[in-house]
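*Asks:* Join the two chains, each given in its own frame, into one complex according to the hints.
First to last, the protein sequences are chains D and Y. Take the first sequence: its position 188, counting from 1, is numbered 187 in numbering that gives the first Met the number 0, and each next residue is one higher. Take the second sequence: its position 71, counting from 1, is numbered 70 in numbering that gives the first Met the number 0, and each next residue is one higher.
Because the hints were derived from the structure by calculation, they are not lab data. Please read these numbers as outputs of a predicted model, since none were measured by experiment. Glycine included, every Cβ here is placed at the ideal spot set by N, Cα and C. You can trust all of the hints, since none of them are fake.
Which stretches of chain D does chain Y cover? Using the computed rule of at least three CB atoms under 8 Å from a CB of chain Y, they are:
1. 10 to 24
2. 43 to 50
3. 62 to 69
4. 204 to 211
Given next are the chains, with one letter for each unit.
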Amino acid sequence: MTCEEANVLLHALIDNELDAGHAREVEAHVATCAACAAKLKTYGDMRTALAGANLRHATPAGLRMRINASLPARAPRKADRRMLLRGFAAGSAATAALAASGAFLFVQSGHEARLLSEIAAAHVRSLQADHLTDVASTNQHTVKPWFNGRLDLAPPVVDLTTQGFTLLGGRLDYIGGRPVAALVYRRRQHVINLFVAEGSAQTLRPRTEISQGFNILRWSDRGLDLFAISDLNADELREFGEKFAAAEKASS
Amino acid sequence: MVSGDDADAALLFRETALVHLDDVYTLARYLLGNAADAEDATQECFLRAFKHFESCRSDAVKPWLFAILRNVCRAEWTRRGSAPTPSDAADDGAAAPLWMPDTATPEAAMLRRLDDETMRRLIAALPDEFRETIVLREVSELSYREIAEVTGAPVGTVMSRLARGRALLRTAWLAAEQEGLSA
Numbered sequence: 000m001t002c003e004e005a006n007v008l009l010h011a012l013i014d015n016e017l018d019a020g021h022a023r024e025v026e027a028h029v030a031t032c033a034a035c036a037a038k039l040k041t042y043g044d045m046r047t048a049l050a051g052a053n054l055r056h057a058t059p060a061g062l063r064m065r066i067n068a069s070l071p072a073r074a075p076r077k078a079d080r081r082m083l084l085r086g087f088a089a090g091s092a093a094t095a096a097l098a099a100s101g102a103f104l105f106v107q108s109g110h111e112a113r114l115l116s117e118i119a120a121a122h123v124r125s126l127q128a129d130h131l132t133d134v135a136s137t138n139q140h141t142v143k144p145w146f147n148g149r150l151d152l153a154p155p156v157v158d159l160t161t162q163g164f165t166l167l168g169g170r171l172d173y174i175g176g177r178p179v180a181a182l183v184y185r186r187r188q189h190v191i192n193l194f195v196a197e198g199s200a201q202t203l204r205p206r207t208e209i210s211q212g213f214n215i216l217r218w219s220d221r222g223l224d225l226f227a228i229s230d231l232n233a234d235e236l237r238e239f240g241e242k243f244a245a246a247e248k249a250s251s
Numbered sequence: 000m001v002s003g004d005d006a007d008a009a010l011l012f013r014e015t016a017l018v019h020l021d022d023v024y025t026l027a028r029y030l031l032g033n034a035a036d037a038e039d040a041t042q043e044c045f046l047r048a049f050k051h052f053e054s055c056r057s058d059a060v061k062p063w064l065f066a067i068l069r070n071v072c073r074a075e076w077t078r079r080g081s082a083p084t085p086s087d088a089a090d091d092g093a094a095a096p097l098w099m100p101d102t103a104t105p106e107a108a109m110l111r112r113l114d115d116e117t118m119r120r121l122i123a124a125l126p127d128e129f130r131e132t133i134v135l136r137e138v139s140e141l142s143y144r145e146i147a148e149v150t151g152a153p154v155g156t157v158m159s160r161l162a163r164g165r166a167l168l169r170t171a172w173l174a175a176e177q178e179g180l181s182a
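In isolation and in its complexed conformation, chain Y is listed as follows (with noise of 0.2 Å):
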């Protein structure tokens, strides 16, 4: 027997953290590299969220899953151990080394607009760190401080984390480019 209490605290979960669904996936997605672990850890968000709902801030209910997100898959990186394989990154297996410097590449470099699939792989295929931040950046809109506030980290970090990140993924981008051209 469900007591209205539970029931009302559900209708404002579902009315306010719920509607995050998509968000939180995506991010779950980026951060560990293939469908099915991110199904589970979603899952276990959103259990977990509705569990500690009442520590919940009404005007940073996206922040809060997200951080909720990234304890979860913590666990799933320690699981791993230090070298994830996310197979969003690897659909072609020709990806460039990303961790090249980014010196090489002349500085007026025009970038040209990618499809959506490329784009993802190339954002996928970032360093964890970079990539993480990339994508709550990107593709989750959060502003510098709620990306700190998920991450744990100070701005200036998220700051230095962006402006690499972004660094690396244009050496990804010119040479993507250069496969496009020469396919």
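Okay, chain D solo, but in the shape it has when bound (with noise of 0.2 Å):
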């Protein structure tokens, strides 16, 4: 790999939106070439200070206002929402059209989509009778030692009962060959699995990305990959990220 190409691709590395192959080549290079590290570095440095900070503009209470006026107003009956949602139109012209102008060089190949997918069959797995849990328990103090010695990493465990989201417990779980932690937690009847994997070194804000009908937040921090996948709307599967986020970083 030349330097002009990892110019542009160690900010699509910094991004996580390389598949594995051509990270480990950007990777590679910077390994044997200072002036790319040192460029690595710092634009992994801006991206942090950016993701830090506020650069968002509030919206004047006017103008929501007047755009809420200018909406029909509140239905007198509950409508029935999962009537509308089918309504909406189930593929995308303009996605299909980018993927077969092969916009997407190796972008988002395969690797992202497998990957989102294998979480989901997680998840469907561990919803069959019995596969939920192999250490069933409420208490944060036993779930996270049941991992030791069973995982090279200690996930996070943090109780979010008082929170709205109660902890059932704990599994061991592949997801793609390799052992992940899975922790399991429930809001209301939605089960919601939290995937633990050892990731890559970059602190990634959380996203959220949709497989096979459920919600994924994924993000990374400290060196961990977190993907929380649930049939719970994403709203509060973003809820769920922050209070783990915010109790976790309590309780370290």
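*Replies:* Shown next, in the form of structure tokens:
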């Protein structure tokens, strides 16, 4: 790989948009090129600084009111949301056209989609009878040590019962042939599997994905890749992610 | 008289589209550079979005809204001609030139943390196409694929714009640090 190529691809590495093969190629180049290694560090720092800043603009209250007023009034009866959601176009012509044009290159190639679909498959597997937990306990101090000796990583386990997410226990699972920790939480009747795997050193903010009809919230922190998956709606899943991260920060 | 169907659609629209109001307004501010134009564009965007709501996919509401906003902004860009003057970028009138090549600065220069307002100003001062891509990535948190969909550019172009945009931002960042040190 030349420096010119690396200059573009190192950004995709920082953004976690490269498949494993290309990520390794960039890392191999950076290992032998001081100039590109320095750039990777600088741009990584810049991304971290931007991620930690508030760069947004708050919507003026007047604008919010004007837009609200321009919409038809609220329904007198409860809308059948499932019906309405079915009305959403199922596929995307734009995405299909993009794929057909070869525009994806190697970014987000099969690797990424496969990973998400394996996570969805593991989630479905766990919901079958008696597959949910290897260690069933609502006590974080029972669940956390259970992973000792079973995994090379120590997954963060926090109790969120008082915040509406009940810890059910933990289990050893496999994603892409690698052992990972699965922590199981429940919100009302919805099960949340939180998969914790060894990851890159990059910190990545939470991002919502969808695979096989499940919402997946993924983020990376302190060398761990975390994937929360559930049939819970995306907003509550994000709430789970925020509360988990906050509780973890408070306990460490 | 509002029919039940309209009200149902409005409810769904509020729950799935209007929740992104802050995201849309923020992007409008960065694309248009001032609050008044951003407010107009945001309102127009949501009017159009509601009208064409049935063409929206449930798993990609935010990029869909952004693409509509971008179309709204395009009219404003055309009206302004080729020389937009974003006031969000010109708070102190002393921003370093951003189109300097990336080669002058030491590669290993450490970046120090700037305050939020300075970071916003530096981003606002980037040239149009780089600013858009940087904001969609760093502020709106879209994936490369979503940025490509919103801007209508191939993913490869998104990547090169991001690399160039970050290089420009770093140059401006280092200049802002220097200003801070000498001030």
